[in-house]
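Asks: Residue numbers (our numbering): 1 to 315.
By construction, these hints were calculated from the structure, which means they are not laboratory data. The model shown is predicted, which means the values in this text are computed figures rather than measured ones. Positions of the beta carbon are idealized from the N, C-alpha and C atoms, including for glycine. Certain hints may be false.
Derived CB-CB ranges, DEER-like [what the hints assert, rightly or not]: (1) Gly101 with Pro223: 54 to 64 angstroms; (2) Gln78 with Pro35: 21 to 31 angstroms; (3) Thr294 with Lys143: 42 to 52 angstroms; (4) Arg232 with Leu302: 38 to 48 angstroms; (5) Ala56 with Lys147: 33 to 43 angstroms; (6) Ser209 with Thr253: 42 to 52 angstroms; (7) Glu272 with Gln104: 29 to 39 angstroms; (8) Lys297 with Lys147: 39 to 49 angstroms; (9) Lys51 with Thr133: 19 to 29 angstroms; (10) Glu233 with Pro271: 51 to 61 angstroms; (11) Gln104 with Arg232: 15 to 25 angstroms; (12) Lys250 with Thr133: 40 to 50 angstroms; (13) Val57 with Ala139: 48 to 58 angstroms; (14) Asn192 with Ala135: 45 to 55 angstroms.
Computed cross-link-like contacts, SDA-like style, restricted to lysine to any residue with a CA-CA straight-line distance of at most 25 angstroms [claimed, not checked]: (15) Lys299 with Tyr105; (16) Lys210 with Ala256; (17) Lys279 with Leu310; (18) Lys297 with Trp238; (19) Lys25 with Gly66; (20) Lys250 with Asp24; (21) Lys51 with Leu284; (22) Lys173 with Leu310.
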Amino acid sequence: MKKLIASLSLALLAPLALAQPCPDKNLLYWQAFPPGGESDLSARHQQVVLKKKCPAVDTVIQYKAGAGGALMWSQMNQLPGDGLNVVGVNLPHIVFQPIEGVVQYKTADVTPVFWFHFTPDALVVPEASPYKTFADFIAAAKKDPGKMSLGGSGLNSANHASHERLNAAFGIKSIYVPYKGTGDMALAVVGNQIDGAVTYTAFAINNKSKTRALAVAMEKRHPLLPDVPTFRELGVDWVDGAYRGIGVPKSTTPEARKKLSDMWATLNNDPEMKELAAKSGFELVNVGVDQMDTFMKDKTRLYTEGAQRLGLGKK
């Protein structure tokens with residue numbers, strides 16, 4: 001009988017051990033960019049899946065946009081470190097911006113606890129653009145140096161770096177036009193106010209009827225953009241993009257950081273999340289607190305070198 005009771009007790013405890021680590025109260029999920037961009041879209045995906053797993057709590061999305069994300073990131077350590085305040089963070093932004101020296105935070109001031117996806121770079125033009133192929137685009141850019149205008153999300157951001165890389169790699173001179181976020185940039189591209197944008201595959205996929213992707217920075221063509229060549233096919237070894245994750249105020253305890261990291265890992269492994277990410281062009285990654293120090297050290301070194309090459313560092 002004792003063995004039977006012990007077995008039953010273990011059976012009852014097993015589901016609890018595997019249960020979703022839900023927050024104690026509602027989460028405040030702070031976004032560094034305006035509504036409508038990739039960061040907002042991914043937050044909405046997570047909001048839906050977290051509600052399914054933790055029906056007793058809500059994820060309240062808040063926006064504090066400005067300075068290409070720097071406004072939020074410079075103030076995140078002023079938030080309560082209660083494990084209920086999380087902030088959307090981006091790479092390479094949080095490395096590039098402090099290198100430029102015009103923001104009120106340092107990379108070490110940002111405390112990431114989980115990186116959940118990666119979005120490859122993409123070059124897009126409005127659907128009404130006369131440039132039907134990448135070759136058309138490059139020919140036009142070389143014909144009139146300095147005339148081509150390309151939008152992007154933020155200054156000293158992944159988009160900004162990709163723009164500089166595009167110019168250097170293909171010997172052109174185009175003008176970078178920064179926007180507060182992808183949502184604002186989308187209006188300019190769709191409205192034919194600029195010649196195109198250096199953005200992400202997620203934007204290209206979600207705006208397929210309004211824009212035309214000319215190239216993507218992936219190892220292989222994207223399954224949702226099968227007619228769009230990779231930069232490698234076009235002669236440049238370019239596989240890069242932006243990482244998105246969540247961070248917390250520095251005052252957040254290690255236990256609370258671990259709980260949030262585990263919670264986001266569970267979200268990422270949910271079949272619904274995988275389906276939503278695939279439809280939107282997000283490549284899921286899982287970097288939690290246990291791997292964070294090594295990951296951030298490697299990425300900081302990589303992007304610091306990249307910033308110097310691209311002229312984004314201090315002169």
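Asks: Against this structure, judge whether each hint is valid.
Replies: Structure-based check of each hint:
The supplied range of 54 to 64 angstroms is broken by Gly101 and Pro223, whose beta-carbon atoms lie about 41 angstroms from each other. Range check, Gln78 to Pro35: about 23 angstroms between beta-carbon atoms, so the 21 to 31 angstroms window is met. The supplied range of 42 to 52 angstroms is met by Thr294 and Lys143, whose beta-carbon atoms lie about 46 angstroms from each other. About 19 angstroms separates the C-beta atoms of Arg232 and Leu302, a value inconsistent with the hinted range of 38 to 48 angstroms.
Look at Ala56 against Lys147: about 56 angstroms separates their beta carbons, and that is not inside 33 to 43 angstroms. One distance hint, 42 to 52 angstroms for the beta-carbon pair Ser209 and Thr253, holds here, with the actual separation near 47 angstroms. For the hinted restraint 29 to 39 angstroms between Glu272 and Gln104, the CB-CB distance of approximately 38 angstroms keeps it satisfied. A hinted range of 39 to 49 angstroms for the beta carbons of Lys297 and Lys147 is consistent with their spacing of about 41 angstroms.
Between Lys51 and Thr133 the CB atoms are about 43 angstroms apart, so this pair departs from the stated range of 19 to 29 angstroms. A C-beta distance of roughly 32 angstroms is found between Glu233 and Pro271, which places it outside the suggested range of 51 to 61 angstroms. Gln104 and Arg232 have their C-beta atoms about 38 angstroms apart, which leaves the hinted 15 to 25 angstroms range violated. The supplied range of 40 to 50 angstroms is met by Lys250 and Thr133, whose beta-carbon atoms lie about 48 angstroms from each other.
Between Val57 and Ala139 the C-beta distance comes to about 54 angstroms, which sits within the given range of 48 to 58 angstroms. Between Asn192 and Ala135 the CB atoms are about 21 angstroms apart, so this pair departs from the stated range of 45 to 55 angstroms. With a C-alpha separation of about 18 angstroms, the suggested pair Lys299 and Tyr105 falls inside the 25 angstroms cut-off, and the hint holds. Under the criterion of a C-alpha separation no larger than 25 angstroms, the hint pairing Lys210 with Ala256 is inconsistent with the structure, at around 43 angstroms.
The hinted pair formed by Lys279 and Leu310 fails the criterion: a straight-line CA distance of about 32 angstroms is larger than 25 angstroms. Only pairs whose Cα atoms come within 25 angstroms are accepted, and Lys297 paired with Trp238 is accepted, the gap being roughly 22 angstroms. As the CA atoms of Lys25 and Gly66 are separated by approximately 28 angstroms, the hinted pair breaks the 25 angstroms bound. Pair hint Lys250 plus Asp24 holds up; C-alpha atoms about 20 angstroms apart against a cutoff of 25 angstroms.
Taking the CA atoms of Lys51 and Leu284, the gap is near 20 angstroms; set against the 25 angstroms cutoff, the hint holds. This hinted pair checks out: Lys173 and Leu310 have alpha carbons roughly 14 angstroms apart, not beyond 25 angstroms.
The structure does not agree with the numbered hints 1, 4, 5, 9, 10, 11, 14, 16, 17 and 19 stated previously, though it agrees with the rest.
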